[in-house]
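**Q** Next come the chains, spelled out residue by residue.
Number of protein chains: 2
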Amino acid sequence: MQELIERIRAEAEYLGKGIIKVDGFLNHQIDPVLTMGMGSAFAQRFAALGVTDITKIVTAEVSGIAPAVTTGYALGVPVVYARKHRPITMPDGFFDAQAPSHTKGNLVNLMVSPQYLSENDRVLLIDDFLARGLTIQALAELIGKSGATLCGIGCVIEKTFERGRELLAPLGVPIVTLAQIDLGFDGIIVN
Amino acid sequence: MQELIERIRAEAEYLGKGIIKVDGFLNHQIDPVLTMGMGSAFAQRFAALGVTDITKIVTAEVSGIAPAVTTGYALGVPVVYARKHRPITMPDGFFDAQAPSHTKGNLVNLMVSPQYLSENDRVLLIDDFLARGLTIQALAELIGKSGATLCGIGCVIEKTFERGRELLAPLGVPIVTLAQIDLGFDGIIVN
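Protein sequences appear in the order of chains V and R. With the numbering used here applied, the first sequence covers 12 to 202. With the numbering used here applied, the second sequence covers 12 to 202.
Treat the hints with care, as some may be off.
The calculated SDA-like cross-link candidates involving lysine to any residue, where the alpha carbons are at most 20 Å apart (straight line), are [to be verified]:
hint, chain 1, residue 1, chain 2, residue 2
1, V, K32, R, I99
2, R, K32, V, P98
3, V, K95, R, P125
4, V, K32, R, K32
5, V, K32, R, M122
6, V, K95, R, N117
7, R, K95, V, L118
8, R, K95, V, N120
9, V, K95, R, P111
In silico negatives: residues of chain R with every beta carbon more than 12 Å from chain V [as the list claims (entries may be wrong)]:
hint, residue
10, Q13
11, R133
12, L194
Here are the simulated distance ranges between beta carbons [claimed, not checked]:
hint, chain 1, residue 1, chain 2, residue 2, range
13, V, D107, R, G195, 29 to 37 Å
14, V, Q13, R, N202, 32 to 40 Å
15, V, E130, R, G29, 33 to 41 Å
16, V, G29, R, T63, 19 to 27 Å
17, R, Q13, V, A180, 26 to 34 Å
18, R, N202, V, L145, 43 to 51 Å
19, V, E17, R, S129, 20 to 28 Å
20, V, P111, R, P111, 25 to 33 Å
21, R, E22, V, G195, 45 to 53 Å
22, R, G29, V, Q13, 34 to 42 Å
Please keep in mind that the hints were generated in silico from the structure rather than gathered at the bench. Where a beta carbon is used, it is the ideal one built from N, C-alpha and C, also for glycine.
I would like the entire structure built from these sequences, with the hints used as guidance.
**A** Laid out in structure tokens, this is it:
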């Protein structure tokens, strides 16, 4: 997605240790017009890959929500975001899986109510980053527990140097990323 | 917003103690088309009130993000969501304020980077619920610390029986809510 690639090249900051700051349009401040473009791009790319009849988008709170909502808008389907804290409104029998926490260094439990995901669903999994792939892997496990069919994985930015794509290959579904970042000798390389 | 009111009447569950479950389209599962309608409704309602030249939408993670993004889309301005955990990408000198946590019973610190909010900004504060008004009050305090001008407050659903509107009246800005819920003898009353 050219507009995204140019935006990353213009604004992303490499903070070292694989950390890329894109807080100006994705992770703290959101550009709604760019985010709508992401949703359209995911819808087009998956359609071109023959991924059709999607009934639900699944993501995890927090940063996946915006691109998931615009993808759901482009496809006309609901979005479910996995919760990290069980709200009092969530019934027993929820589906869950564990992923490493970005902020706390420990594991976080991702939870989805059985009311909003079932064996009849055909799911696109959308998130902001594909890094090591552990959050996506946990969400795929959660979707598996619900009996729903995972049909594709879409992430806004892929950090190719963290090799998450290899971890997720056994899932056997198309993986679409809208921009790829690799590490060069003196900074990041964006394509 | 008639479509929202009808959706609440059809799907909301009253769990007692003032807790209203709208997880099917707002707080866990999101209806992107309905959420786009919320953004358009906020834009129209504030314009009709003479609230113009908005430069930024501010909300808090998590459930405020979706309606904030669609409002930002309708107005063509960026959205900043206050973080509850400081990410390693957030510099020193952030603006913060404390609000009660919904999930933990204690206080949560809401934080916004000084990179994305300044005295030049004219802000609309958007959130999912107006209940007691304490989260909105904290966000207004945070916006005040940045020097930005708070121009209006928009919440998707107002729980009128929790009287948040009275708490926020001293802020002296228009408060727009798209549906109001009160408690009746045998359940909720939605208008």
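**Q** Identify every previously stated hint that the structure contradicts and give their numbers, smallest first.
**A** 3, 4, 14, 16, 17, 22
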